[in-house]
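J.: The residues making up each chain are set out below.
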Amino acid sequence: MLQKLDLLESKMPAKLPRPETAGRGRSLPSESRDSSRKPGASIISRDIQRRFRRLGRTLLLAVGTALSVQGFAGAADEGDAAKLEFFERKVRPLLVANCFNCHSADNKAAGGLRVDDHKGLLQGGNRGPGVVPGDPEKSLLVQAIRQSDPKLRMPPEFKLEDEQIAILEQWVREGAVWPALELPEDLGKWDANYEALRREHWAWQPLQNSAIPGVSRPEWVWDELDAFVLARQEQHQLNPVADADRLSWLRRVTFDLTGLPPTPAEIDAFLADATSEAHATVVDRLLASPAYGERWGRHWLDVARYGESTGSARNLPYPHAWRYRDYVIDAFNRDKPYDEFLREQIAGDLLPHSSPEEFDEHQIATGFLALGVKDVNQRFKVRFEMDNIDEQIDTVTRSILGLTVSCARCHDHKFDPIPTTDYYALAGIFQSSDHCAGLRNKMGGGGLDYYDNNLLLSLASYPAPTTSTDAEELAAAQAALDKAKAEFERIRGTPEGAELAPNGRPKQQVARQKMNRAQAALNALSDPASLGAVAYGVREAKQISDTEVRLRGEAEKLGPVVPRGFLTAVDVPGTPAVNREQSGRLELAHWLSSAENPLTSRVMVNRVWRHLFDRGLVSTVDNFGVTGDTPSHPELLDHLSQRFIRDGWSIKRLIRAVVLSHTYRLGTSQSPAELAIDPGNRWLWRHAPRRLEAEEIRDAMLAATGTLSSARPESSPVQSLRVIEMRNNGQESQAILRTAKDSQHRSVYLPLVRTLVPPSLEVFDFAEQGMVTGSRDTTTVPGQALYLLNDPLVRKQALRYAEQLVAREDWDDTQRLREAYLRVLGRAATPAEVDRAGQFLDDYAAISANVLAESFAEAASAESPPESEVANVDTVPVKPANVPDPAANPDDVEQTEEVVVEEQILARDPRTAAWASFVQALFGSAEFRYLP
Amino acid sequence: MKNTDSTLLPIVDAPLARRDVLKSAGIGFGSVALAGMLGLQQQQVRAASDAEAPRPLAVKKPHRPAKAKRIIFLFMEGAMSHVDTFDYKPTLQESDGKSAPGGGKLVASKFAFQQYGETGTWVSDLYPNVARHVDKLCFLRGLHTDTPAHPQAVIQLHTGAAIASLTRPSMGAWLLYGLGTENQDLPGYITINPSPNFGGAVNYGSAFLPAHYQGTRINDNGQLPNLRATSPATLQRKQLELIQEMNRGLQASPGAPRELEAVIQSYELAFRMQGDVPALLDISQEPESVREAYGVKPGPQGSFARQCLMARRLSEAGVRFVEIRQPGWDHHNNLHKGLQTNAKATDQPTAALLADLEARGLLDETLVLFGSEFGRLPTAQGPDGRDHNITGYPMWLAGAGVKPGYSHGTTDEFGTHAVEGRMHTNDLHATLLALMGLDHELLTYHYAGRDFRLTDVAGTVATEIFA
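In the order they appear, the protein sequences are chains E and B. Per numbering that gives the first Met the number 0, residue 0 is the first one in the first sequence, and the count goes up by one each step. Per numbering that gives the first Met the number 0, residue 0 is the first one in the second sequence, and the count goes up by one each step.
Note that these hints are calculated values from the structure, not bench results. Incorrect hints may have been included.
As the list claims (entries may be wrong) - Subject to a maximum C-alpha distance of 25 Å in a straight line, what follows is the list of computed DSS-like cross-link-like pairs (lysine-lysine): (1) K413/E to K343/B; (2) K59/B to K118/E; (3) K137/E to K82/E; (4) K556/E to K296/B; (5) K380/E to K336/B; (6) K556/E to K59/B; (7) K343/B to K556/E.
Here the structure is a predicted model, which is why all the values come from computation and not from measurement.
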C-alpha cells in the first residue's frame with residue numbers, strides 16, 4: 000500500500016507543490032495574526048497534507064491522532080483531567096439548569112450571550128466577555144451571579160446558592176476549562192480515491208491542443224469549429240440538414256444576441272443586402288447594440304443569482320443592488336475581457352485604478368459577492384457570517400468553475416476531490432473580507448434594526464452631498480440618539496415601560512419611537528446612502544487571518560486552522576501565494592482568472608454555447624464535477640476555450656465566431672434518418688428550436704407594440720425602499736409588483752425582489768434567484784396558456800397595438816395584417832393567413848357587438864387616457880433611503896394587506912376588440928414563442 | 000379488493016366523450032361549487048366544441064386491472080431518519096455508544112417508540128397521529144438506492160435513474176403516458192411546491208416523453224394566476240381556435256419544436272381549467288372542522304397541512320398523480336430538534352389525509368406513498384446528527400391495492416442494511432406501476448434507437464404487498 004502510493008506520487012511530482020503554501024508548513028499558532036486564537040491550536044498545513052499523501056495512511060493516522068489528543072480551541076491538555084471532571088460534574092449541570100433557558104443555541108441567546116459554548120462564553124454578549132479565564136473579578140458571569148450590581152443580576156428570578164457561586168468562581172479561577180471537541184476520524188485524511196480523480200477526471204486536466212479534424216466535405220466548414228462538429232456527425236453517419244432561410248436566421252440571431260425581435264426595417268435591410276458580408280454585418284450591428292449587453296448581462300445575472308433583496312424568512316431590500324446589474328450590462332457591452340471581469344468581481348477593491356470612475360466600477364463589481372440570499376434573522380453572528388461565506392463560496396465556485404465546493408462545508412466532498420480543508424482554505428479568504436450588504440443579523444429585529452450603514456461602500460465619482468454636514472449638528476444628533484437609546488433601554492421590559500404615556504400608548508413604545516426618530520435624524524446627516532452614492536460588495540476586513548475547519552459545518556465547532564488557499568484539485572501554475580497581509584481575494588481572483596485554470600475558460604465557453612444552441616457541450620453547465628455530464632465534443636470545447644483565451648477572453652469575439660459558423664446556420668428541420676440515430680440532437684445535425692425566455696417574451700410583446708423603451712432606467716424602483724422587512728402582501732411589495740406590471744423598460748430592468756418576481760417572468764421559468772442558474776428550466780404548462788389568455792399585461796399590449804392598427808386609416812385590413820405579422824412574427828403573412836385572419840376579425844366583431852355591448856359602453860364613458868399620460872412608472876419619486884417616518888416602523892404599525900383592484904382593459908368598439916383579440920392570438924401562438 | 004368495477008370512473012379504451020368525463024369528474028367534487036357565470040359559460044362552450052380534438056391525456060386502459068387509480072406522494076425531501084421514526088430497532092436502542100459493525104459509533108434514538116394498533120407496529124413518539132393509522136400502512140422496509148447524494152437520489156427516486164447525460168421522464172409523466180387522466184379539466188399530474196434544487200423541473204419533467212405529460216407546479220397557497228377568464232367564453236373560444244390553428248400549422252412544418260403538442264394541449268387544458276379549478280384550489284371552502292383536522296394555518300408552518308388538503312381535493316377531483324413536499328430532513332446536525340420540527344409539521348396533516356380519504360371512500364382507489372430519497376445511518380455524525388444511508392431504509396404505502404398493517408422486508412438489527420425484502424428504487428417503481436395496472440416491462444417509449452422504461456432494465460414487482 001505504502002509502496003504503491005509512493006509510486007503514484009513519484010509519477011507526478013510537478014503537480015504536488017502548491018505555490019500558495021510554499022514555506023508555510025512550519026507556521027505555528029504563535030505566528031498567527033489572529034490574537035483570539037488559542038494556544039495549542041493546530042494547523043493542518045498543505046505541506047502536511049502533502050506529507051499525508053506521500054507517506055500514506057500510517058503516518059496519516061498517527062498525525063490525526065496527535066491532532067485530536069492535542070486538541071484545540073482552548074481545549075484542556077491531559078493535565079486538566081481533574082478540572083474537566085470538575086467541569087462535567089459540577090459546572091456544566093449548573094449552567095444547564097440555570098442559564099440555558101435564555102443563553103443557549105437551542106433556545107435563545109439573550110443579550111447575545113451563549114453559555115453552552117466555550118467560545119460564546121469567552122466572547123460574551125453585548126456587555127463584553129462573559130468569562131475571562133483565571134480572573135473571576137473580570138468575568139461578567141461571576142459578577143452577574145453574585146448579584147451585587149442591580150443592573151446585572153442573573154438568574155433574574157433568584158440568586159444561586161453560595162456554594163454554587165463558589166463552584167463557578169473556582170472554575171473560572173482555574174482557567175474555565177472546557178472539554179475539547181472530538182475530531183472526526185477522517186478530518187484531514189487524504190482519500191486515495193481523490194488522487195485518482197485528480198489525475199483522471201477530464202474537467203480539471205489542462206486544455207488539450209487538438210488538430211482540426213479532417214472531414215469528407217471541407218467546403219461545409221466555414222469556421223474551424225464546424226470541422227469538429229462535422230467530424231462527429233460523419234462518425235455517427237449523420238448528415239446536417241439544410242441551412243435556415245435568411246429570415247429564420249435573422250430572427251434567431253437577433254433574439255439570441257439581443258433578446259429582441261428584428262424590426263421590419265432590419266428585416267428589409269438584411270433581405271436587401273446581397274453582399275457576402277450580409278450576415279457578418281448583422282452580427283456586428285447586434286453586438287454593437289446596447290441590447291446585447293442587456294441580454295448577455297442577464298445570462299450572467301442568472302449565474303450571479305442576482306436579486307434585489309435578501310429573500311429568506313425576513314426579506315429585506317438591497318436598494319443599491321441595481322448598480323451591480325448595470326455594471327454587468329456595461330461590462331458585456333464594452334466586451335470587458337472575461338478574465339478582467341472575474342478579477343473585478345472577486346477583488347475589484349484591490350485592483351489598481353486610474354480614476355474615481357474606475358475605482359467605483361471596481362467596487363461595484365464586488366457586489367457579485369454580496370447580493371446572495373441571507374438570513375438576517377439569524378441569532379448568532381458567527382453563523383450569519385459562516386452562512387454568508389458558504390453562499391459566497393457556492394456562488395463563486397459554481398459560476399466560475401462549475402464545481403459544487405460548498406458540498407465540502409461539512410465533510411469532504413463525496414464525489415469530487417475537494418476535502419473540507421480546501422473549503423476552509425477558501426473560507427478564510429472570505430472571512431478576511433467585510434461582507435458589505437448594508438445588513439447585520441439580529442434575531443427578531445424590527446424596523447431598521449437590520450440596517451448597518453457601516454457596511455456600505457461609498458462611491459467616489461458622484462457629486463458630493465449637497466447638505467454639508469456640520470460637525471456640531473452631527474454630534475448633537477448622535478447625542479440625541481444616545482439619550483433616546485438610553486431611555487429606551489432604561490424602561491424596556493420594566494413596569495414603568497408598560498405604563499401608559501399621555502398619548503395612551505405604552506411608554507416603552509413611545510420611547511422606541513423616539514429612538515427611531517433620533518436614528519432617522521442621525522441617518523439623514525450621516526448615512527452614506529443618504530449623503531452620497533453607495534454600493535454593495537466587499538472590502539478587506541480589519542482582521543486578516545486564516546480560519547478553522549468547522550466540524551460538520553457547525554460555525555462554532557472549531558477544528559484545526561487551515562491556511563488560506565485555493566482548491567488542491569485544480570492545478571494552476573504561476574498563481575501567487577496568498578499575501579499574508581491581505582484577505583487573499585486578489586490571489587484568488589488571479590487563480591480563478593488564469594489562462595492556466597482549465598475550468599474557467601471551459602465553463603464560460605460552455606455557457607456561451609448553451610445560450611446559442613439551447614444545450615451545452617456539457618449539458619450540466621453548472622457542474623463539471625464527477626457527477627456532471629461529460630462533454631459531447633471535448634476537442635471542440637478545448638479548441639474554443641483556447642481561442643477564447645487567445646482572443647483576449649473576448650466574449651463578443653467568441654459569440655461572433657459561433658453565430659457565423661455553419662453549425663449555427665443550420666435549419667431546424669428534422670430528417671427521419673437522423674432522428675432515428677440521434678433524436679436528442681447531441682451531434683448538432685440540426686438547430687434545435689429554442690423557446691424564448693421569459694424576458695424575451697415580454698420584451699418582444701412590448702417591442703411589437705412600440706411601447707418598449709430602449710432607455711435604461713436611472714436606478715431601480717427598489718432604490719426607494721427602506722431597509723425594513725418586506726411582506727409579500729404589504730404595500731411596498733404590491734407597489735413594486737405594480738411598477739413591474741406597468742413598466743415599459745426592458746425586463747432586465749424590472750425590480751427583482753426575491754419572492755416577488757414579476758408574474759410575466761415567473762410564468763416562463765425565470766431563473767431561481769437563490770442559486771447559480773446557468774440553464775433555466777423550460778416547462779410547457781397550462782399556467783403559461785392562462786397567462787397569454789388572461790393576463791392584463793398581455794391584453795393591454797394587444798389592445799394598445801390594436802388601437803394603433805385601427806387608427807391607421809390609410810391602411811386596409813390586409814395591410815394591417817401584414818404589418819402585424821411582420822412586427823410580431825417577423826415574417827410576411829401568407830395569403831391564406833390573411834384570409835383566415837380577415838374571417839376571424841369579422842366573426843369576432845360580430846359576436847362581440849352583442850356580448851361585449853356593455854363593456855363598449857363602459858369604455859366609452861370611461862375617459863381613456865391618451866398614450867402620453869401613461870406614466871413612466873420607473874421614475875417613482877425617490878425618498879431619501881432609510882430616513883423613515885418612524886410611524887411606518889412595522890413594530891408600531893401593522894402593515895395592511897392591499898386590496899388588489901382589477902384593472903379594466905376594455906376595447907372601445909367591436910372592431911378594436913377583434914383586432915386586440917387577433918394580436919393577442921399572435922402573442923399566444925407557438926410561433927411567437929419558439930425561435931426557428 | 001375489487002378495482003375493476005370502479006365506483007368513480009370506468010376505465011375505458013377510447014377517449015371518453017366530453018359529457019361523460021364531465022359527469023364523472025363531477026362526482027368527486029364534494030363541496031366544491033362550480034365557478035360563477037363565466038365558468039359555466041366555459042363549460043357550455045366546450046361541450047359543443049371539443050369533440051374533435053385528439054386527447055393524449057384521455058383515460059387509457061391499463062395493461063391489467065388496476066388496483067389503484069391515483070397516487071398521492073408525500074415526499075420527505077432530504078432523507079428522514081428512519082431509525083428515529085418508523086423503523087424501530089431495539090438492538091440499536093440498547094447499543095448506544097457502542098461501535099457499529101461497519102465503523103462509527105451507534106447512537107440510539109432519543110425518541111421513545113411504542114406499539115400501536117392491532118398489528119402492534121412500533122412508531123416513535125414523533126408520529127403519534129400517523130401511528131393511530133398504523134394498521135392501514137404497508138411498510139416497505141428493505142429499500143435501497145444507488146447514490147448517497149441528494150440531487151442524484153432525488154432524481155433517481157423521481158425518474159428511475161440519475162445519469163447526467165440523459166434525463167429520464169418522471170414517474171408521474173410515465174403514469175400519464177400509460178393511463179391518461181380521469182379529469183380532463185385538470186392537469187393529470189400536479190406537484191405542489193417542488194424544490195428548485197436537486198434537479199428542479201427534472202423531477203416532474205417529461206424528458207423524451209411528449210411534453211404534455213410533464214407535471215404542473217403550483218404553490219401551497221392555492222393561487223394559480225390568471226385562472227379567471229377575461230372574455231366571454233364564446234369569444235375566447237374563437238380566439239383559441241385561431242391560436243390552435245396557427246399552432247397546428249407550425250406543427251405540420253418539418254422543423255416544429257417537439258413541445259408543440261404540449262403547447263396545444265396546454266391551451267385546451269387552460270381553457271377548461273378556468274371553470275372549476277379556482278374553486279378547487281381554494282381550501283378555504285373546506286369546512287372549518289376539516290381545516291382544523293389537517294392543522295391548516297397560514298405561513299410556512301402550515302404549508303404541509305395546506306398541501307395535504309389540496310392534495311386530497313385534487314386527487315378527489317381525479318388528478319392521477321399529486322406530489323407534495325416537506326423539505327428539511329437532512330439532519331447532519333440538529334437531528335433532535337430538526338426531527339421534532341419536521342414531524343410536527345407533517346404528523347397531523349398526514350394522519351388527517353389518511354382519515355379524510357378513508358371517510359370519503361377514496362382510500363380504496365388512492366395510493367398514498369410516504370418517504371424520502373434514502374435513509375440515515377444509525378451511527379453518530381457529530382454530537383447530534385446522522386449521515387446518509389442508501390443501503391437500507393423504509394417508505395410506507397397506504398390505501399388502494401396494498402395489504403394494510405403489513406411490513407415487507409427489513410433492515411438489519413441497527414437499521415443499516417436492507418437484509419430481507421430488498422427493493423431497489425427500480426423495484427419500488429415496478430411495484431407502483433403494477434398497482435396502477437401497468438406492467439413496467441410493457442410501459443415503454445421508443446427513443447434514441449431503443450425502448451426506454453421507468454425501470455430501465457431492472458425492476459421486480461413486490462407482489463407480496465398486494466392486498
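J.: Give a verdict on every hint.
T.: Going through the hints against the structure:
1. K413/E to K343/B: Since the Cα atoms of K413/E and K343/B sit roughly 31 Å apart, the hinted pair is violated (cutoff 25 Å).
2. K59/B to K118/E: violated (65 Å)
3. K137/E to K82/E: holds (21 Å)
4. K556/E to K296/B: Given that 25 Å is the threshold and the Cα spacing comes to 36 Å, the pair is violated.
5. K380/E to K336/B: Since the Cα atoms of K380/E and K336/B sit roughly 21 Å apart, the hinted pair holds (cutoff 25 Å).
6. K556/E to K59/B: violated (58 Å)
7. K343/B to K556/E: violated (28 Å)
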